[in-house]
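Chemist: Working from the sequences, and respecting the hints, build out all of it.
First to last, the sequence lines map onto chains A and B. Count along the first sequence from 1, then add 71; that gives the number in the working numbering. Count along the second sequence from 1, then add 71; that gives the number in the working numbering.
Bear in mind the hints are in silico, worked out from the structure with no lab data behind them. Predicted, not measured: the structure shown is a model, and the values here were computed from it. It is possible that some hints are incorrect.
As the list claims (entries may be wrong) - Pulled a few chain B residues facing chain A out of the computed Cβ check, cut under 7 Å: (1) Ser208; (2) Glu212; (3) Asp243.
Claimed, not checked - Think about it this way: if two alpha-carbon atoms lie no more than 27 Å apart in a straight line, the pair counts; the simulated DSS-like pairs of lysine-lysine are: (4) A:Lys304 / B:Lys304; (5) B:Lys304 / A:Lys300; (6) B:Lys170 / B:Lys95; (7) A:Lys170 / A:Lys200; (8) B:Lys112 / B:Lys95; (9) B:Lys300 / A:Lys304; (10) A:Lys244 / B:Lys386; (11) B:Lys304 / B:Lys74; (12) A:Lys386 / B:Lys112.
By construction, the Cβ of each residue, glycine as well, lies at the ideal position given by its N, Cα and C atoms.
Number of protein chains: 2
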Amino acid sequence: MQKIAVLGSGSWGTALAIHLVRNKHDVTLWGRNAEQIELMKKQHMNAHFLPGIPLPDALHLSDQLLDTVKEADTILVAVPSHAFKELLEKIKPVWNSQKKIIWASKGLDPDSGDFLHNVADNILGNNAKTAVLSGPSFAKEVAQGLPAALTVATKENDEETALFFQELFHSDKFRIYISHDLVGVAICGSAKNILAIASGIAEGLSLGSNARAALITRGVAEITRLTDKLGGKRETLMGLAGLGDLILTCTGVQSRNYRFGVALGQGLSIADSLKSIDQVVEGINTSILIQQLAHQYNVEMPIVEQIVAVLNHTKTPGAAMVELLSRRPTHE
Amino acid sequence: MQKIAVLGSGSWGTALAIHLVRNKHDVTLWGRNAEQIELMKKQHMNAHFLPGIPLPDALHLSDQLLDTVKEADTILVAVPSHAFKELLEKIKPVWNSQKKIIWASKGLDPDSGDFLHNVADNILGNNAKTAVLSGPSFAKEVAQGLPAALTVATKENDEETALFFQELFHSDKFRIYISHDLVGVAICGSAKNILAIASGIAEGLSLGSNARAALITRGVAEITRLTDKLGGKRETLMGLAGLGDLILTCTGVQSRNYRFGVALGQGLSIADSLKSIDQVVEGINTSILIQQLAHQYNVEMPIVEQIVAVLNHTKTPGAAMVELLSRRPTHE
Chain A
72 MQKIAVLGSG SWGTALAIHL VRNKHDVTLW GRNAEQIELM KKQHMNAHFL PGIPLPDALH
132 LSDQLLDTVK EADTILVAVP SHAFKELLEK IKPVWNSQKK IIWASKGLDP DSGDFLHNVA
192 DNILGNNAKT AVLSGPSFAK EVAQGLPAAL TVATKENDEE TALFFQELFH SDKFRIYISH
252 DLVGVAICGS AKNILAIASG IAEGLSLGSN ARAALITRGV AEITRLTDKL GGKRETLMGL
312 AGLGDLILTC TGVQSRNYRF GVALGQGLSI ADSLKSIDQV VEGINTSILI QQLAHQYNVE
372 MPIVEQIVAV LNHTKTPGAA MVELLSRRPT HE
Chain B
72 MQKIAVLGSG SWGTALAIHL VRNKHDVTLW GRNAEQIELM KKQHMNAHFL PGIPLPDALH
132 LSDQLLDTVK EADTILVAVP SHAFKELLEK IKPVWNSQKK IIWASKGLDP DSGDFLHNVA
192 DNILGNNAKT AVLSGPSFAK EVAQGLPAAL TVATKENDEE TALFFQELFH SDKFRIYISH
252 DLVGVAICGS AKNILAIASG IAEGLSLGSN ARAALITRGV AEITRLTDKL GGKRETLMGL
312 AGLGDLILTC TGVQSRNYRF GVALGQGLSI ADSLKSIDQV VEGINTSILI QQLAHQYNVE
372 MPIVEQIVAV LNHTKTPGAA MVELLSRRPT HE
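Modeler: If you want it as structure tokens, here you go:
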């Protein structure tokens, strides 16, 4: 049994906290919003993010960040990528290198455009025992105890931390595969949200399943080019954190980025589309950051370019799709 | 303008014939069932396979196989894989090496377990100008003129035939990418139907989107192992004929193999599940043929094994899924 602090009481943090309680760990779920935490205590539920799913009695809830971290052996970060850096800086004074840390956040740091594993190294030092959890995982299904398979990635030489987290999360319904490709996992986790927006736009424009499948496939090709350039591994792209998450995010109505795209495709403005989701849409910030990476490393990423243009109001969703779906192809 | 014979008046043959007429070719669609052809002439529609979609006036319909082939410059075969060999043997007497031939059939020859390109070579000779059309393509959407992107694959040294067919099919809405990996395309086109059945079973059992995405991803891993062993290319797996078609077939309710799996997962018998589809379910024969290949080449393919066990009545769909989703994982 581990004493675990889950930081971030959105849908994914809450679902993972529930799962870890089921795995017989001692779990405290922290949320920054004291009122929300109070409400969750009263209702025994995260009514806003996971309505209808009761919280286990053994799950502790807290709005006290430093106390929660101080008392834990293991830290699971589940805040949006834009809040990642600030959170690590806040907890650093009470953190020590004995406390293993894993994050389920996907995206890049908006200030620096850095990968989250670089942000973590910069703040916590290179010797921190860190890992990332990624893969196809709608929070609600995990909270409901439905089967899922995910990837835990650590640094190349850190099999020990990988095995620790595999054991921590593993159950009959929750399979953990190990990877050491932090770069590949980070790129996939970020870029998939952009593709999900594109895929949603195609759906919103009623372009059909063939177009959507083609778009996702061409998206994988452009993510592959970026991964190659940045030293990630193609195996990661073909795995759970790559393909698996991509399939889920780009075809499932549970995905916020996908639904945001659908709203855009149906003709809603960006503001109204966002309002209709009412949660963080990671792909919006990410698209600009990935575009910067693509330019910096001279990688052709037409889908990313078109999505940025749509989000910058320089192109309509319809015009972007025509551009993407009528490019004259050559060899794959 | 080419004079084209489309052989096979199922949904895909009919949709491709409609598309080729739109591309201003002179197209005759042949079907073996004289009554069906007569009805299509009367109704200006393929009411059984593509209800509600009118056939273009310029499309010729025929139940005379040899006449149709004799008069054509180009032949497109769109019969199920189990009928492929017999059809080629029938048309051979009126075929000559000037008549280019492409097939949209997916699967393996049921008698020999051979790839269709080997069957074609055996019957027509190595010098025949042959190609295969593959990729994510629900027939109805193509018939409706919605966008799609597909792969045309030919032999390694036959760029000429590849370019010919790219030109033949290409339009603003229908993009053709060229490949020369016949083996990879054949494996993907066959194996995806088995994965679609598995994916449908997971859906029918209400295991959720996470489980389905994990299953598809692990399926890609086992198809990759087979492709590697048989000399296919990983690029093909990552492309339209691989990933693209897989995403479409494993997530779309328009896929027969997927719907067959859903019916099985919901508890229907194999016979009743088949009845509910009322079209050829390629994955049934294919699963046994791919299993044979896997055994012959010593490739581990757990999903294929479980689907064969379900179709052999030696395992329930539920037990098969438990086996697949609770295997103790290691590295991806």
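Chemist: Hint by hint, note whether the structure agrees.
Modeler: We went through each hint and held it up to the structure:
no., hint, in the structure
1, Ser208, "holds (5 Å)"
2, Glu212, "holds (4 Å)"
3, Asp243, "holds (5 Å)"
4, A:Lys304 / B:Lys304, "holds (17 Å)"
5, B:Lys304 / A:Lys300, "holds (21 Å)"
6, B:Lys170 / B:Lys95, "holds (19 Å)"
7, A:Lys170 / A:Lys200, "holds (8 Å)"
8, B:Lys112 / B:Lys95, "holds (20 Å)"
9, B:Lys300 / A:Lys304, "holds (21 Å)"
10, A:Lys244 / B:Lys386, "holds (20 Å)"
11, B:Lys304 / B:Lys74, "violated (33 Å)"
12, A:Lys386 / B:Lys112, "violated (45 Å)"
Taken one by one, the earlier hints fail for this structure at numbers 11, 12, listed in ascending order.
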